[in-house]
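S.K.: Going down the list, the protein sequences come from chains A and B.
Everything in the first sequence is counted per my numbering, starting at 1 for the first residue and increasing by one.
Everything in the second sequence is counted per my numbering, starting at 1 for the first residue and increasing by one.
Don't take each hint at face value.
Any copy will do: because identical chains look the same in the list, a pair fits if it lies in one copy or spans two.
Calculated pairs, EDC-like style, for lysine to aspartate or glutamate (alpha carbon to alpha carbon, straight line, at most 20 Å) [what the hints assert, rightly or not]:
1) Lys-209 to Glu-7
2) Lys-64 to Glu-140
3) Lys-153 to Asp-21
4) Lys-121 to Glu-90
5) Lys-48 to Asp-67
6) Lys-239 to Asp-117
7) Lys-153 to Glu-7
8) Lys-173 to Glu-204
9) Lys-201 to Glu-191
10) Lys-5 to Asp-136
11) Lys-5 to Glu-204
12) Lys-198 to Glu-140
13) Lys-198 to Glu-236
Quick caveat, the hints were computed from the structure, so don't treat them as lab data.
Predicted model only: the values in this text are computed from it and were never measured.
Protein chains: 2
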Amino acid sequence: MQENKPELYTSLSPSLLNLYDVEKSIVVIIDVLRATSTIATALYNGAKSIIPVDSVAECIRIGKQIDSITAGERDGKIAEGLAYGNSPFEYPREFIEGKTLVLTTTNGTKLLHMALDKNAKGIITGSFPNLSAVCDYLLEKKQNVILGCAAWKNRVNLEDTLFAGAVIQRIGKHFSINCDSSQIALALYKEAKPDLYKFMKNKEASHYKRLTGFGLEKDIRYCLTEDVANTRVVYENGKLIAG
Amino acid sequence: MQENKPELYTSLSPSLLNLYDVEKSIVVIIDVLRATSTIATALYNGAKSIIPVDSVAECIRIGKQIDSITAGERDGKIAEGLAYGNSPFEYPREFIEGKTLVLTTTNGTKLLHMALDKNAKGIITGSFPNLSAVCDYLLEKKQNVILGCAAWKNRVNLEDTLFAGAVIQRIGKHFSINCDSSQIALALYKEAKPDLYKFMKNKEASHYKRLTGFGLEKDIRYCLTEDVANTRVVYENGKLIAG
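Excised from the complex, chain A in its bound form (with noise of 0.2 Å):
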């Protein structure tokens, strides 16, 4: 029976995204902070789609054409020439209802163009906000999958992992899983799951440590929460819509 499972596995970083057979899998774009939460958090209000761009210059261009906001930060701060920045608390329901986000994220789109170019079978987002509906949406499908870190820079963060061992937890018996980063995921979330936020403040994460130099702290707390913005996201056509 078990060689029936699909199989899954997690690339803890996009440098690792080419070891695994990306063709033959759906592929889930994990950026917990802030990418992927708040793409969630701006689908889940309404908004119609979300176009992710992996550069302020593409961001602004698209901006131009089409009907949308532009949103992106560089260092902390909204870059220059776009209107919003990266935090889900920018775009409630009466702000983004009904609007096109043109959205711009480095590590996250970064990975999700490298899942493309490699014909995934699927492309979605994961956050905590949208915990459960990706894991709703990868036992529905039946696919092989990739738990696909945009980690920082390539190098691995904690978040990014935190997530992909919970998704593990919760669906990972539907699956056959031979792969140590899986196992090494699920270890993490399973001790960080108590309250993640103080795990992530006690690790001195890196990522926590320059957005809580920003003063980010609300934000954080946000993205690590689960099923605030329960909503599954689906990339097709070059948008992040609600599947």
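Fit chain B to the known structure of chain A by using the hints.
M.R.: Frame of chain A, contents of chain B only:
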């Protein structure tokens, strides 16, 4: 004061090594099952030196040039043309003392050559059997450190990550650690520490499964035992020697 501490990073896979400043660091090559454990054991038992090579052909070639013992396995068996295997139990003092061992390993040697090509400040090898010697060496040198996991064909593995965690638990406070991979390794080691063997078994670590498939539980238990071959292993002029 903290600023004066040397930095410590963990590279969880050879694919990630280029993210760190190898040139300014001592790189610890970690290939717990079984290369670096066997290397420590042979040197502890009096081997004159060990020449690590990355192919069976190279191993045979050097074996013909110098008075030495050629060793290496492929798929769990002594490779054709070589005399001995990868098990630490093949290298007791009465056999190996005063001799030169030419050892072919894949993951560990590849990483070592990468560190060499990038002009690492120093290269040593680490394993549970020589954990204390590794820690003492690093404390003494007061240089930046990269704990380099050899992994398995670039895929992150449990055992090398656990060893990185063990080093960090022992001497981490003497270093500045702004590295989530190190935090992950440390958290994992703390969880596993009460019984590393049981932890590996319960997690169904991929390499654990590969090796137990060959009936090598005894080797694994040994390779997870701290300080049973507690010698420094330093790479100098193409050879690993008891430093």
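S.K.: With reference to the structure, classify each hint as holding or not holding.
M.R.: Taking the hints in turn, this is what the structure says about them:
no., hint, verdict
1, Lys-209 to Glu-7, "between (35 Å within a copy, 17 Å between copies)"
2, Lys-64 to Glu-140, "neither (38 Å within a copy, 59 Å between copies)"
3, Lys-153 to Asp-21, "between (22 Å within a copy, 14 Å between copies)"
4, Lys-121 to Glu-90, "neither (32 Å within a copy, 47 Å between copies)"
5, Lys-48 to Asp-67, "within (11 Å within a copy, 73 Å between copies)"
6, Lys-239 to Asp-117, "within (15 Å within a copy, 42 Å between copies)"
7, Lys-153 to Glu-7, "between (27 Å within a copy, 19 Å between copies)"
8, Lys-173 to Glu-204, "between (31 Å within a copy, 14 Å between copies)"
9, Lys-201 to Glu-191, "both (14 Å within a copy, 19 Å between copies)"
10, Lys-5 to Asp-136, "within (16 Å within a copy, 47 Å between copies)"
11, Lys-5 to Glu-204, "between (37 Å within a copy, 17 Å between copies)"
12, Lys-198 to Glu-140, "neither (33 Å within a copy, 34 Å between copies)"
13, Lys-198 to Glu-236, "neither (36 Å within a copy, 44 Å between copies)"
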